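Peer 1: Read off the chains here:
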Amino acid sequence: MSDPPPIRILLAKLGFDGHDRGLKVIARTLRDAGFEVIYLGLRQTAGSVVIAAEQEDVAVIGISMHNGGHLTLGPMMVRAVADAGLEIPVVIGGIVPAEDVPTLREHGIFAVLGPGTALETVVATIHAAAATHDGMVG
Amino acid sequence: MSRDDALDALLTDARHGSRRALGRLLSVAERGGDAASALDRRMLDAPPPLWTVGIVGAPGVGKSTLTARLVAAAADGPTGPVPRVAVIAVDPSSPLTGGAILGDRIRMQGVGSRPEVFVRSMAHRGDDGGLARAVPIAIRVLGSVGVATVIVETVGVGQIELEIIHVADTVIAAMSPGWGDAIQAAKAGLLEVADLFAVNKADRPGVADAVRDLEQMLDAGLARGSGDGRAWRPPVLPTVATDGTGIDGLWSAAEAHREWLVATGGLQRVRDERIRHEIGRRAKDLLAGRIDARTAELDLATARQTPGQWAALVAADVCAHADAPGTSAA
Ligand SMILES: Nc1nc2c(ncn2[C@@H]2O[C@H](COP(=O)(O)OP(=O)(O)O)[C@@H](O)[C@H]2O)c(=O)[nH]1
Ligand SMILES: [Mg+2]
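Chains A and B are the protein sequences, given in the same order. Quick note: the first sequence uses our numbering, first residue 1, plus one each step. Quick note: the second sequence uses our numbering, first residue 1, plus one each step.
Looking at chain A on its own, in the form it has when it is part of the complex:
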């Protein structure tokens, strides 16, 4: 009972784009790093992600986007989390041009993992994000 329990995180794809191959690779990487990954898959909305995050009590929300909607959907996701009274960091991955990263950070996105991010960086970033989440009862 003394080992800390595995960190629970949520992975989802926002919007209507086609496949989740990349996100599945991330899911496996994080599983192999010891995370419990609640995998929502494709075609999620900010609302469905928030509901799942509440039910699953996750420490981090990881969102993947490849449809160029990140400047709208990213801030929308952060706002939906805040509106629900949750303090869960949001990490964005997928195809996000470097010049958009500062804007997303200003809107409260914890980190952006762009194309070609090393898998170790992904793991380290999710750990860092989880560390900002408020802890357990007891």
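Rather than coming from a laboratory, the hints here were simulated on the basis of the structure. Treat the hints with care, since some could be wrong.
To be verified - Heads up, simulated SDA-like pairs for lysine to any residue below, C-alpha to C-alpha not over 25 Å straight-line:
1. A/Lys24 to B/Ser94
2. A/Lys24 to B/Lys284
3. A/Lys24 to B/Gln109
4. B/Lys284 to A/Pro4
5. A/Lys24 to B/Ala293
6. A/Lys24 to B/Ala58
7. A/Lys24 to B/Pro95
8. A/Lys24 to B/Lys187
9. B/Lys187 to B/Val155
10. A/Lys24 to B/Leu96
11. A/Lys24 to A/Thr72
12. A/Lys24 to B/Ser113
Said to hold, decoys possible - Cβ-to-Cβ under 8 Å is the rule here; a few derived chain A residues that face chain B:
13. Arg31
14. Glu36
15. Glu56
16. Ala130
Predicted model, so just to flag it, every value in this text is computed and none were measured. Note that the Cβ used here is the ideal one computed from N, Cα and C, for glycine as well.
Assemble the complex: chain A is given as a structure, and chain B with the ligands must be docked to it using the hints.
Peer 2: Coordinates of chain B with the ligands only, in the frame set by chain A:
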């Protein structure tokens, strides 16, 4: 805020419909230890869910898709602030890293977001019985906040997974057509524990054969024993979870099982048995660590004894010091 105050606040919020509070409470149950014990003590005077349904079966047979359909059936009815129906979906953890991918929600997209529904994914977290401890507490928590029906989805292969059926009033075994499935079910011990059989993927060839094989095995089992006239004969029902075919029939048959339990006094009996099972299991857990520790200390050179004699010594020692440190009062 003290831990006890925090738990009480979460319970109050959850009873007023806060999904977040309920999510938190389930994490406490899942984590085990003192906080889970404190939470469980608060469940002593709370009502259990009206009905707990287990769905077991091999990976890929369509349990999650079936569960989503059954949830939709169970969610209809008067709505209050608290979800009427909850799902606990269990997936294995990686034995190497302790991590897990919990993907059951993929099949529950439509229903998972409905206000009448609460879905929680749980990882197995190893085979030390942790899950077997967490799930009963989680079910008590769900019942105590007002959830009427709890559906537990779990992979039904091997001893540990079958432990989970000890939490359900009604157990549905799911399988898909294919040569040998009935035999696999028998080998996995499902014939004895399941109250209903869903032969899912009935849109595929081989359904009639799978249904017939199962029926024959069940009849053979009934002929062998226990037929006291009141016995429940598990129905075998073909389903297509992807398009909903057969779901109404499966759900009514499950409800008929519950009615049968109530009418025969069986509901109270299975619940009593379940509590005894949980007590026995946890008592063994409490002693196991101390047995291992005492065994490691034995100086085998001091006496020429058989392993059985040593074991009797260890058991006597551990029982003589049953309230020694290391036995956490739960
Ligand atoms: N053809 C067919 N496929 C199904 C049926 N039910 C589920 N599936 C598919 O089987 C796969 C596994 O389903 P899932 O519910 O995740 O199975 P689980 O691992 O037992 O929970 C998915 O691709 C489902 O779409 C069915 O009745 N017919
Ligand atoms: Mg499943």
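Peer 1: Each hint: holds or not?
Peer 2: For each hint, the structure was consulted:
| no. | hint | result |
| --- | --- | --- |
| 1 | A/Lys24 to B/Ser94 | holds, 16 Å |
| 2 | A/Lys24 to B/Lys284 | violated, 39 Å |
| 3 | A/Lys24 to B/Gln109 | holds, 17 Å |
| 4 | B/Lys284 to A/Pro4 | holds, 23 Å |
| 5 | A/Lys24 to B/Ala293 | violated, 42 Å |
| 6 | A/Lys24 to B/Ala58 | holds, 22 Å |
| 7 | A/Lys24 to B/Pro95 | holds, 19 Å |
| 8 | A/Lys24 to B/Lys187 | violated, 33 Å |
| 9 | B/Lys187 to B/Val155 | holds, 14 Å |
| 10 | A/Lys24 to B/Leu96 | holds, 19 Å |
| 11 | A/Lys24 to A/Thr72 | holds, 24 Å |
| 12 | A/Lys24 to B/Ser113 | holds, 22 Å |
| 13 | Arg31 | holds, 4 Å |
| 14 | Glu36 | holds, 5 Å |
| 15 | Glu56 | holds, 6 Å |
| 16 | Ala130 | violated, 13 Å |
Comparing the model with each numbered hint stated earlier shows that hints 2, 5, 8, 16 do not hold.
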